[in-house]
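2 protein chains.
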Amino acid sequence: MISGTTKLIAHLGFPTHAFKAPLIYNPYFDKHGIDAVVVPMGCGAENYPDFLKLLFRLSNIHGALITMPHKITTMALLDEVSKSARVAGACNAVRLGADGRLIGDMFDGEGFVRGVLRRGREVRGRRAMMTGAGGVGSAIAASLAEAGLAELSLFDAHAPMMEGLADRLRRNYPDLSVITGSVDPSGYDIVVNATPLGMNESDPLPLDVARISTDAFVGEVVMKQEITPFLAAVRARGCEFQVGIDMLFEQIPAYLEFFDLPTTTADELRAVASI
Amino acid sequence: MISGTTKLIAHLGFPTHAFKAPLIYNPYFDKHGIDAVVVPMGCGAENYPDFLKLLFRLSNIHGALITMPHKITTMALLDEVSKSARVAGACNAVRLGADGRLIGDMFDGEGFVRGVLRRGREVRGRRAMMTGAGGVGSAIAASLAEAGLAELSLFDAHAPMMEGLADRLRRNYPDLSVITGSVDPSGYDIVVNATPLGMNESDPLPLDVARISTDAFVGEVVMKQEITPFLAAVRARGCEFQVGIDMLFEQIPAYLEFFDLPTTTADELRAVASI
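Chains as they are written, first to last, in the numbering used here: chain A, 588 to 862; chain B, 588 to 862.
In short, the hints are calculated from the structure, not lab data. No incorrect hints appear here.
Heads up, the list lumps identical chains together, so a pair's fine if it works in one copy or across two of them.
Lysine-lysine pairs mimicking BS3-like chemistry, simulated, CA-CA at most 30 angstroms apart:
#1 670 <-> 607
#2 607 <-> 640
#3 594 <-> 607
Please take these sequences and the hints and turn them into a complete structure.
Written out as structure tokens, the structure is:
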């Protein structure tokens, strides 16, 4: 029940019609009597910097979930950002710190990593291969690095994007070995599709599934359908995998901790969600 | 259930903790499956003009309820305001018109008048006495005039405020006879306390209840308690009356019509409200 004491969490992006977060957070808040609400606000890029600033001057603002097209531009609008956000070059969460400071973090990658760990798979000391060095790929790479990954083989058809991410990783995680330019998954413990390939029916597979080790763990970021063509091939090969939407549910506990709200498990969120 | 398609109605004011509107509108929207939500936003005066402008550029914004301390300043920020708002000199509702135009109206007075009419009392051709020519008094005077009142005897200890309202009424409603300077209710059909007297325990009564005709209808704007000391005296005298909160419930159907949402009665709103 929204009242004048309810903590307001804005969900900022455009367009809003496919927003899923309100359908997950709000039933969870309701169930546990947590006096907070996630409210979609469809803000265009041209108004976003000014709107974000004023939004965080509201007396009942508690935080913001940031989504397309604002994840990158948000970085320049904050007083403090986490290392993960810096490496990702993007931010999907903002909260108010002391003295009105705006603090940002990035949980897309954290959601991915929590999903891997929750299945009993290791990240620390392991080797991963990822294709796609855009926003979500950068976030996943940053979180894998933060979790102690030993080696990342990174590919993106857009070389400057690939090399830019590799540089940021090397600067921030000197212990991580970063290799670029190969899309061959053979021998890697973790294999990730972080490209949008799979959004359209005519898309090719993002990499050669036949070369993935059968004991590798495979991740997918495309959420258009639960089992994308890539995951169908991965399943046929017998690999363990997580679907795109897992990353969404797994990152919510991290958001709740960031917002200093009572947290829970991805499983409970899945159970209460209205999606 | 809030989603990315939900029509956002901002409730703008400061502070927010005593806001009642979300506790009335949202249960009503829920009950009827109306895809809209009222969300409190505690905006300070210094940020309000910029925030209002940007808020109405959100893709999912539908309207705003305006409360203290913004009702007067809103007037200068809109493209179009109703006659009632102009006479009241204040605005408590904003919606988006064609081409992004901001349209304002004022329903505090409309709520008062609807309450009078719903009890089978007449306004057209009748005579009213009102003390208090501030924001809410101005709104009630404007709506009584709009409803065809014949004569208004207006009092306010602050003479420029009293004369200012009298002037606005005479300019906009030339058929209404406006008298100023007397706080004597004798012989009037409708008697209204539109002063804040009654907010504090030590307040004197706003006028001499013993001089109200026993067949007059009496209205109160103070909402701090249902039966204020003034209304207790009015009840003891045997007059019919409406309490402050009636004005709140009675104006919501007018707001719903303004926002082009399915409307209802004050009674249904009272039944579903969580206050």
